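Residue numbers (the working numbering), protein chains in the order written: chain A, -18 to 413; chain B, -18 to 413; chain C, -18 to 413; chain D, -18 to 413.
Derived by calculation from the structure, the hints in this document are not laboratory data.
Any given hint could be a false lead.
Note that identical chains are pooled: a pair holds if it fits in a single copy or bridges any two copies.
[Claimed, not checked] Here are the simulated DSS-like pairs of lysine-lysine, each with C-alpha atoms no more than 30 Å apart in a straight line:
| id | residue 1 | residue 2 |
| --- | --- | --- |
| 1 | K229 | K295 |
| 2 | K229 | K355 |
| 3 | K224 | K355 |
| 4 | K156 | K295 |
| 5 | K295 | K355 |
| 6 | K3 | K295 |
| 7 | K229 | K156 |
| 8 | K295 | K331 |
| 9 | K3 | K224 |
| 10 | K295 | K224 |
| 11 | K331 | K3 |
| 12 | K3 | K229 |
| 13 | K355 | K156 |
Bear in mind that the values here come from a model prediction, so they are computed numbers and not experimental data.
There are 4 protein chains.
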Amino acid sequence: MFSASATGEKSAPLPSAADVLKRFQGVRNETDRLAQPLSPEDQVVQSMTDASPTKWHRAHTTWFFETFVLQPFLTDYSLFDEAYGYLFNSYYEAVGERHPRPDRGLLTRPSSDEIAAYRQHVDSAMGELLQSAADESWVDLSALILLGTHHEQQHQELLLMDILHAFSCNTLEPKYAGGVPLETTDMSRLAWMEVEGGAFSIGHEPEGGFAFDNEGPRHDVLVQPFLIANRLVTNGEWLAFMKDGGYKRPELWLADGWAVAQNSGWAAPGYWRDEGNSDWSQFSLRGRQSLNLDAPVCHISFYEADAFATWSGKRLPTEFEWEVASQRDSETGNLLSSGALRPLPASADKPLAQMFGDVWEHTRSAYSPYPRFKVADGAIGEYNGKFMSNQMVLRGGSCVTPGNHIRRTYRNFFYPHQRWMFAGLRLVEDIT
Amino acid sequence: MFSASATGEKSAPLPSAADVLKRFQGVRNETDRLAQPLSPEDQVVQSMTDASPTKWHRAHTTWFFETFVLQPFLTDYSLFDEAYGYLFNSYYEAVGERHPRPDRGLLTRPSSDEIAAYRQHVDSAMGELLQSAADESWVDLSALILLGTHHEQQHQELLLMDILHAFSCNTLEPKYAGGVPLETTDMSRLAWMEVEGGAFSIGHEPEGGFAFDNEGPRHDVLVQPFLIANRLVTNGEWLAFMKDGGYKRPELWLADGWAVAQNSGWAAPGYWRDEGNSDWSQFSLRGRQSLNLDAPVCHISFYEADAFATWSGKRLPTEFEWEVASQRDSETGNLLSSGALRPLPASADKPLAQMFGDVWEHTRSAYSPYPRFKVADGAIGEYNGKFMSNQMVLRGGSCVTPGNHIRRTYRNFFYPHQRWMFAGLRLVEDIT
Amino acid sequence: MFSASATGEKSAPLPSAADVLKRFQGVRNETDRLAQPLSPEDQVVQSMTDASPTKWHRAHTTWFFETFVLQPFLTDYSLFDEAYGYLFNSYYEAVGERHPRPDRGLLTRPSSDEIAAYRQHVDSAMGELLQSAADESWVDLSALILLGTHHEQQHQELLLMDILHAFSCNTLEPKYAGGVPLETTDMSRLAWMEVEGGAFSIGHEPEGGFAFDNEGPRHDVLVQPFLIANRLVTNGEWLAFMKDGGYKRPELWLADGWAVAQNSGWAAPGYWRDEGNSDWSQFSLRGRQSLNLDAPVCHISFYEADAFATWSGKRLPTEFEWEVASQRDSETGNLLSSGALRPLPASADKPLAQMFGDVWEHTRSAYSPYPRFKVADGAIGEYNGKFMSNQMVLRGGSCVTPGNHIRRTYRNFFYPHQRWMFAGLRLVEDIT
Amino acid sequence: MFSASATGEKSAPLPSAADVLKRFQGVRNETDRLAQPLSPEDQVVQSMTDASPTKWHRAHTTWFFETFVLQPFLTDYSLFDEAYGYLFNSYYEAVGERHPRPDRGLLTRPSSDEIAAYRQHVDSAMGELLQSAADESWVDLSALILLGTHHEQQHQELLLMDILHAFSCNTLEPKYAGGVPLETTDMSRLAWMEVEGGAFSIGHEPEGGFAFDNEGPRHDVLVQPFLIANRLVTNGEWLAFMKDGGYKRPELWLADGWAVAQNSGWAAPGYWRDEGNSDWSQFSLRGRQSLNLDAPVCHISFYEADAFATWSGKRLPTEFEWEVASQRDSETGNLLSSGALRPLPASADKPLAQMFGDVWEHTRSAYSPYPRFKVADGAIGEYNGKFMSNQMVLRGGSCVTPGNHIRRTYRNFFYPHQRWMFAGLRLVEDIT
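Chain A with its partners taken away, still in its complex shape (with noise of 0.2 Å):
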């Protein structure tokens, strides 16, 4: 059994029976509505070992409430289907043996069908739960179901993430959702904010509501003042720096992306197609579309998001910079509910645009624990304390993150060389 202490919940005011419902429902109508253009074929594959199928998805997320909420709250609970432990475990070393991660596409059974409604057997399961709630479980059991509904809106970007990967192996090319034309806006000229330096409290406020484990304890730290870019790094930017040999020189890289960047045989993001005459298109969720020079740069690596700073002469922030930088932004932007599905170009009418939404933004920031960090007991601690080696922190979410789920204390992760995910960068400079 986990405690509340485990989800990053902490004192907060509890929130009710019915709002907790609410959110469970909603979010779990979110992840059939997003699944629903995709075929029973759609949803079996594995395009690649750090994907999964959209199946899979759906039923991983729910054999989580099955296993950590309705199994140790529900009195009487009959599982679904037994064998389901075994196959839709991800990662929990605590909770048992588990199907290898690289054969997940190969579970043509259950059927999306039964997938369905094993969803529907845990859903009616919920709704019984939260019900009859005890009293005095309600601090550990609201924490978890916030837990789980946090955890499933992650894996609806992963959805969208792992979709568009595997359709991007197709000739056919096939579209997640239809094709609209270009945006044209007035998109803002680059500018510099400058932001002081001095001491400041980093991570989340323990009486802010839900927040994962891993943006806590709050702490303070020394940030240097600095400078920072008003507005993402666009297509139209990068296309420069590939002009310019960006994908071809050494010394912009660091040793190890250079080494991916060479096996890999990379010269643009990710996703872009080459059209010939220095044209590229680039495949979306909405299929392939030519490239909009003022949208946002996106599949990028944080190999390429340094070597691209290191070109301007700039830098990448860090985690604390971004956070700190944050304040001067609202917690909204073109996120999942905007239904674009791409990021987009930043309106003229920020003085500091685009930090949350559109994009994920790398920072030089490695994945740490945050001083004074436990790591909590049982299988929920291997949430994310477990990855906390390897990867670097990203920051604001971006058009494929659900809206309540983002915050400006939310830390995502990524290995360097990954670029599947929806990344572009940031640059900020130092004050001399």
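Got chain A; can you put chains B, C and D on it based on the hints?
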């Protein structure tokens, strides 16, 4: 355009258009029948590089007729979809670029239903063509259509091999077909039949109906007298080999085989499952079943067959010895049409049993061209000749081989480490 | 040409030419002394990609002076051999193509004797240069020569690490140096020293003599109060971890570390050998030796160190915590000059022991640039900066680190899976 | 203990002890002569898994006599060093564990000098044994010693192949032997000799002196009439193949060969170097040399030979055809004793030239056992039989094959992708 000589169909009397149409339709229907128990999800996966998705088999065999028959022979034929040529070409370099083989399982589109429509489109055009086929092209045309049907029959067997492999990766243990009780027959006792030596004509007789090009030219081979087992090696005999350390004694193995066995951790035939207490079951097209000790051992590689033969103090036959001995048996047996979907114990009433059907029989013959074999011009020439290295010949068909597809002179070939085909062995011994 | 600022040597008083020459000759002689016990055959092998042959170390350190000092600064200097630039460049992209790193062990030519002649040629030219160095270039020149000597000292440590690995692959168990009996000291008992929190200046003081560029700029860091162990973790304590299932319990490990440990079959530190009956020995530069339970554990990766700390209920220090605590110890210890060639038990008479020497101490800090760190222009800029991803910081030097090479601010770095360096750990604990 | 029958030496008249000693000493001295130009460093490296260090060849051939002759036959023989059995066993599973083959290049110890002492120790014991050999064991003993000498001669050829490969990895381009000017001979014009068909006896005659076990039993094979080229394919002819797109046209290649060629980036024979302007040189035991257009092409794989034959509209001979045709040439040629160390143009005065020496000739025959071949009992049985899969037969010896080692019936074998042996091809054509 291909000449008839490319297909092995030489100076045999020409079949009538009605006969060809009947065979064509029969084969096409059989493919549909075999795919029928499989859901769209089952049909999309590729569980290893050697295997292909059911849907791909259905499309590729259709593409074969479209590319090699309809396009050259049916005036005004319009392609079902221009993109399919890239997706469903298997290995014909002469016909252009191809979708990468290891990624066939990523093709969620076209859907199963679209492939059904593709099949109908081509079948209908084939019907039209067979109505109108001009006399002067009938020699070539009929040969190509026959080749196409035999090609499709090969893929019928592959379809079953491949789905068995895919299902074996799922702990839910899906069944392709319902379970049936184990056979309890009077198995024939092991006996040895003498075959006299001499010069024998080997290979397909020019007037003997359809054959693949690799079955000719017919030519004489010297064979020394030998003894051949009256039946296949059984599961029970294989257990004795295992108990005597068969998988642990390098002196029994070819060096390459020993390396593969160690690297792969082989300790039993493919699809065997250790049930503890020295008990084994076998995963099959009918799900997991207990081991029938009297049934032929199946899903063994050439290396394992050779090690068993060495352990027995006998040896594997050459493909020539097998072909000579096969004269003592009729070209019938437990083939796909029996519906058993698994090898069965030998019946006691035949002096030489199981030469056809049950399992492909490993030979000690490397897959090499017969004297004066010529590769045909053009893409059809890629059918067999270019695989004549590194593989071994197997003879006699299996319980998943279509009945009107097998022949005494039929040369199947696999790499010596492969085990997913329905393959077993029969022993021979020198007479000294 | 490189500016002095590239080397970290900033506004410190300039050393005299005589001092520089003395240090240069001392370091060069030490390399020869270290290589002396090794036969020409010993000096040619490369036992893994991370390692390099002794001969290559001897040549590469010489190439460094030839390329970065003699060519730009000594008029009329003639290269010893034009081909050596290609053979002995390590990773400087700016200086041109290189012999592939994994193939360094194939260079049977030039011979050991030719490398000796190369060293003499360069040493003699360096002597000449130091006689005649013009005043105006002395700032840059002296900085580069000092950098070259510290670079060579790094390779001295690598030489010993690499030959230990090479010898460990040979069942004859060659000894680099003669065996000596195990030390029997009064080991200090484990105790915890409190370190107060606050803002601390971290990094090299500009006037503090030589340092690498990655040790600056000096800047303030907030540190919370903590307890630090008075000595390193011992072999005896590591055995307790092993007996408690340390290598078998995934909950103790970072996810990436667990994967590496499983794939690599780790069950004990590097070079430990299972002698049966729960008895272990250790292969060392003095051959196989029985395990000294009081000596520090050595040849463990970051992943293992982190798992041990988790098992202990403690944690690894950050590199900042380490640097702050190190003020309580002098910059001396069991370094290369002690001649021990292995880590020794802590002496009981120091309140905080073993901060310098014995083993490099793993920290939980990823190797990142300090605020306002700038990579120098040109090839020398490749020295440190381009490795600032995926690696972890280690502090304090080891028993194979040259004595006048280590510093309180010295940042060594290795990948978290590497174990061939002399690395161990010290625990810290939060004060709550 | 091994019986004489294991070695292929059957009922031939027994050689005298003096003859055996003379041959033994001659072979042993020749190995020393071949290793003499190589420094201790040259002798330690292993530049690929297929190759072995010179020092290892010198030791392994000595271990063969120690293990299979001295230990069983010389009373009171004391091993030179007990550890050598593990280090210098190649692949004899029956004799125990072995040092891993890919790590042979890590054995810096024992030194070259120690191996020289090992050789002397064994040679001296062999001399003693040959003085005292008891009559009753002479049949077996003499057969084993002869086998040991032929085994050592195989390693003499390997030693030269392997050092050529090692030197080819070094941009200094070391020479095993001094350069000599290119030969300018009257090369014979290409002509075709007719060979009649029939039944031919193939394999070693029982009374014909020493042969390896794989050369028997002698047996009859049917061969159809064919034409054979009077000489080997030349470098000039190979250039024509290259200019005609030979390495770029998949239709010329076996499927496996095409895959290897693409993955390996083959664009020319092994050791050819592109000098620009369509000019090629060749790295050889005498260093880099310009290409002799009249000399036989060398260092080509079976796959390349087969592709060339297909391009020529001809084919490779079977090993039986080669053996039958070889009756028209004497068993002499440009072998190791010529001192050329490279293949030479065919002389114009022989109707069928170059059947022996110059280059091993690829055949289209897979390496399979002859009818009634039996693997000998014990370790010696591992000599040849266990390699009878996946490899192809080559015939006729090369310019680095010892002269009194080659035979008309000699079956050499390599994998179809290997190129480091001195191998070329001769074409044949069917008579129709």
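Consistency of the hints with the structure:
1. K229 x K295: within (19 Å within a copy, 45 Å between copies)
2. K229 x K355: between (43 Å within a copy, 22 Å between copies)
3. K224 x K355: between (47 Å within a copy, 25 Å between copies)
4. K156 x K295: Classified as neither: same-chain Cα gap 37 Å, cross-chain 51 Å, threshold 30 Å.
5. K295 x K355: between (35 Å within a copy, 10 Å between copies)
6. K3 x K295: neither (45 Å within a copy, 41 Å between copies)
7. K229 x K156: This pair counts as neither: shortest intra-copy Cα distance 32 Å, inter-copy 36 Å.
8. K295 x K331: within (22 Å within a copy, 47 Å between copies)
9. K3 x K224: neither (51 Å within a copy, 49 Å between copies)
10. K295 x K224: within (18 Å within a copy, 51 Å between copies)
11. K331 x K3: Close neither inside one copy (33 Å) nor across copies (62 Å); limit 30 Å.
12. K3 x K229: neither (52 Å within a copy, 42 Å between copies)
13. K355 x K156: neither (43 Å within a copy, 44 Å between copies)
Hint check: violations occur at hints 4, 6, 7, 9, 11, 12 and 13; the rest are consistent with the structure.
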